[in-house]
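*Asks:* Assemble the whole structure, with the sequences as input and the hints as a guide.
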Amino acid sequence: MKFSNHLIILSTIILGFWIDDFLNPLTIKLYLELNFGFLIFAYWVFAIPEKLHSSAALFYGLVADLLFSNVIGFNMLFFIAISYLIHLYVFRFRIFSYFQLSVFFSGSSTFYIACKYLLLSPNNYSYIVLILSFLINAVLWVGLYLIMRAFRRSIF
Amino acid sequence: MARSTPTYTPVRNYAIGFSLSALLLFSDISYGAFAPLRGFVNASTLYAKMISNGIFENIGETFSSFQRNKIILQENKELKEKILQIRTKDFIHRKDNEEKIQIINFHKGLINSLKNDDVDIYKIASIDLRNYLCCSTHRVFLQNTRNVSVGKNAPVFAGRSIVGQTKDTYLNFIEVILLSDTSHVLPIKSNFLYCDARGKGKPMLIFCKLNKNNKNFKNQIGDVVYTSGLGGVFLKDIEIGFISAITSFSINEVEVLITLKANPLEETFYGIMSEEADEI
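Residue numbers (this note's numbering), protein chains in the order written: chain S, -7 to 148; chain D, 2 to 281.
For the record, the hints were derived by calculation from the structure and aren't laboratory data. The model shown is predicted, which means the values in this text are computed figures rather than measured ones. From the three backbone atoms N, C-alpha and C, an ideal C-beta is built for every residue, glycine too. Keep in mind that a hint or two might mislead.
Unchecked claim - What follows is a list of derived Cβ distance ranges for each label pair:
id, chain 1, residue 1, chain 2, residue 2, range
1, S, Ile87, D, Phe27, 33 to 43 Å
2, S, Phe148, D, Phe27, 29 to 39 Å
3, D, Ala49, S, Ser89, 41 to 51 Å
4, S, Phe148, D, Glu267, 33 to 43 Å
*Replies:* Written out as structure tokens, the structure is:
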């Protein structure tokens, strides 16, 4: 894959994290935590698994960590984990319905949020946040999927 | 039916990546290993934000002020130009008057020839920046909108010093050869120094070559350099710059580098004594 394509993908991921940074201070009052950055990365791996390998996941994770995280390695770890999982089951995902995909990706996202709270902010760990975030991210995933797909088709 | 993943996804790479990430995460959480790096990135991000905010604010402010005060800015610009013109004229007049007084004192018989003090002010049309910054040819073109007849080799003033000499006129433009042009020679003097300084071919620099055995030469870096008036083209005792370096050029010669006072890149108006003015 061309370097410019990597830059485009990275830009969308950064945009996702930036939206998270912008919106989460507002939504957290409603026990909601959005996770656009992670979902966008997951989408890209799901859409073009043959072009995004472990090294790309590691690199994107590192950039996300440097720019948006409080610790180095967290996004790297989860990006590489979700990347492997998607690569492993990509054929099965192809026959999944939107609902099933939503559940999987939202579940992954919720796991990410849970681990983030557990590792970095255990005092704020909340099941309400996790449940509501799971529901809202499941809904958002469908919209995100459609938007990103349209974007991908217009770019690549 | 496909029986394998569409790409070769060896678990080894993912395992290495996973272990590496875990190690980094652990070392950062437990020991704050990357705290300086994070701090640096955060500071840089903030700095970039501040700068970008500043830029946007400035742009917005400038734009709005430009909209509001368009007439005032125009007036301000005109006044500034007038001030620059007056300043340049004033400097030339002053120097000319000084010279006149000297001549009056020493040669009373010449007083009748000093009646005319016409000075024309020209606005810069262009400077050959590409050559000025790199090469030996340093030329400026002045707008001669009034089609004033300008003689060749007349001294050209700008700011508070001399910048060069007229070379030629093309249509309504006057070509000025700058002092830093390698083909230009200017007789100069300082406390212990008299020489013909040649343009260095670098912005605002001229140089003299002197004999090392010249025992009269006791100048130091920082000494002010004036025109000597030799040759009769330039007025005498006009401060043109200062000695910025004295280096050994060859076995018998030293090079005295002089940094000029007037920077052509910063000047808008240039003064030239008209043909009817005094020939000193």
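*Asks:* Against this structure, judge whether each hint is valid.
*Replies:* Verification of the hints:
no., hint, verdict
1, Ile87(S) x Phe27(D): 33 to 43 Å, "holds (38 Å)"
2, Phe148(S) x Phe27(D): 29 to 39 Å, "holds (37 Å)"
3, Ala49(D) x Ser89(S): 41 to 51 Å, "holds (43 Å)"
4, Phe148(S) x Glu267(D): 33 to 43 Å, "violated (51 Å)"
Hint 4 from the list above is the single one not met by this structure.
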